[in-house]
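Asker: As they're listed, the protein sequences go chains U and F. If you use our numbering, the first sequence closes out at 323, no skipped numbers anywhere. If you use our numbering, the second sequence closes out at 1135, no skipped numbers anywhere.
Mixed in with the good hints, there may be bad ones.
[To be verified] Some chain F residues close to chain U (C-beta under 10 Å, calculated; not the full set):
1) 1020
2) 1021
3) 1032
4) 1053
5) 1100
[To be verified] 16 Å max Cα-Cα, derived EDC-like pairs, lysine to aspartate or glutamate:
6) U:251 x U:68
7) F:1056 x U:70
8) U:41 x U:54
9) U:160 x U:321
10) U:133 x U:321
11) F:1056 x U:68
12) F:1058 x U:321
13) F:1109 x F:1090
14) F:1133 x F:1040
15) U:169 x F:1035
16) U:169 x F:1090
17) F:1058 x U:301
18) F:1058 x U:70
19) U:169 x F:1052
[What the hints assert, rightly or not] Some chain F residues near chain U, calculated using beta-carbon distances under 8 Å:
20) 1007
21) 1011
22) 1045
23) 1052
24) 1056
25) 1065
Calculated from the structure, these hints are not laboratory results. Each residue gets a CB set at the ideal place from its N, CA and C atoms; glycine is no exception.
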Amino acid sequence: MARFAFLVHPLTRLQSGVVGVRRLNWGMVFGASGKGAASGKLCDLWVDGLVHGEVVAVPWNPVELLSDQDGAVDAMVAAVENLEDVSAVGLGSLLAVVGSRGEALAERVSVPVTTGGAATAWAAIGNAEVVAKTRGCDKVSVLGFGGAVGRVVAEGLSAKGFEVIVGGKGRRLEREAAKIGVELVTPEIAAGASQVVVGASTTGGILDADVLQEGAVLLDVALPPTLRKGRLPRGARVLSGEAVTLPEGWKRGFWGTLYHWISGYGSDQIFACLAEPMVMSVMERTEPFSLGRRVSLGDVEEFADAVTCLGLSPRLPEGWDVS
Amino acid sequence: MQPNDPEIFDVVAECFAEALGLEPEEVEYDALVIDELGAESLDLLDIVFRLERAFKIKIPRGGIESAARDGLADDEEYEVNGVLTALGLERLAAAMPEIPSDSFQEGLKVSEIPLLFRVSTFCRLVVELSESKDA
């Protein structure tokens, strides 16, 4: 059976507490740092006879990860070295960011490491396409063109025939926008230019909510979220841009069910970044679909072809288009 | 402006190039990291990580702002509602000598400080941190 691992870390106090309970680290339960503790299994997620995934918690909080990237990479290396018989490792949240976006970890371990960028872009492109076609829009805005995911989402939507407006600035981005035939404007103008907006900026909280058009749909893949707190314009809504359907026969057990809830997946979906190492292990693929800044439209298309083996597809919440 | 230490600049430029997907020749000493090189916050993290490894130093998060605030008795001497005071601007300018003085305009927000960063800012940090490590 294919086996993969997905490394995660607590983002909130609640998540730290749950990791503490699961790992019998009572200090973490009562608010102490988990930085000195070993990583360990949070839950199993699996499809009988096909694939088995182990979600492993690296118990560092966001501030600790960002202020000690070298230590964070060491902790991830230790976590990977404790794994048995996995053929791919995926990185969640800030673990996919620190250490040169997974490259430092990949240099030090023998199992393939992937950061989920191709899967995230695939889901965002698919979800944006559905929203745009439902709304009868031929124009989509993409924020975060400076990042690898934002860039490939823009390129992918442009290749599908949409008029794409991207948000960003700088000579490098001007050149890249011209290369793929998209219009580069400021993020504020981009966000207000279309009814369908993909939020892929790697810097969260970049915009006030009122820059969106009334009735617009923001498909957010950013962490932290794209918008600062504030009231959305009338009829506008924010949806998770990287949500993906559950594989058929998906099982999770008690801790996996809890993981689904505290990570924000909910009961009927996963986020795309979990799908990438899963697909790699089923396909016995040793080359990551994405790592560091490396994710191309070709990688996304390869992932799209490969993901059919698990029957996954991008997912929007039921009733998303109901006012 | 030319780099004070071309050897250090070459390594810094290489780190920027790798983090941003550029050619090293595209990284100019005076370039604004966000507005001209197109860096986002993740890129800054990556740049810091690469510099720390290349030069075997530790770049503290928020180090520039800490240096600017150092010794002030009260946060309100430095900023009010996220906007730098006149003293705050003066202290920030002193902490960032490589930045043209006309960049420190009244109304500058704390959240906008990263927009001032240039490649030369990181060159200076590398030199200072390397020297204090060796001292």
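Asker: Taking the hints in turn, state whether each one holds.
Answerer: Consistency of the hints with the structure:
no., hint, verdict
1, 1020, "holds (7 Å)"
2, 1021, "holds (5 Å)"
3, 1032, "holds (8 Å)"
4, 1053, "holds (8 Å)"
5, 1100, "violated (19 Å)"
6, U:251 x U:68, "violated (35 Å)"
7, F:1056 x U:70, "holds (11 Å)"
8, U:41 x U:54, "holds (7 Å)"
9, U:160 x U:321, "violated (22 Å)"
10, U:133 x U:321, "holds (12 Å)"
11, F:1056 x U:68, "holds (13 Å)"
12, F:1058 x U:321, "violated (49 Å)"
13, F:1109 x F:1090, "holds (14 Å)"
14, F:1133 x F:1040, "violated (29 Å)"
15, U:169 x F:1035, "holds (6 Å)"
16, U:169 x F:1090, "violated (28 Å)"
17, F:1058 x U:301, "violated (39 Å)"
18, F:1058 x U:70, "holds (10 Å)"
19, U:169 x F:1052, "violated (27 Å)"
20, 1007, "violated (23 Å)"
21, 1011, "violated (15 Å)"
22, 1045, "holds (6 Å)"
23, 1052, "holds (7 Å)"
24, 1056, "violated (10 Å)"
25, 1065, "violated (14 Å)"
The earlier numbered hints that this structure contradicts are 5, 6, 9, 12, 14, 16, 17, 19, 20, 21, 24 and 25.
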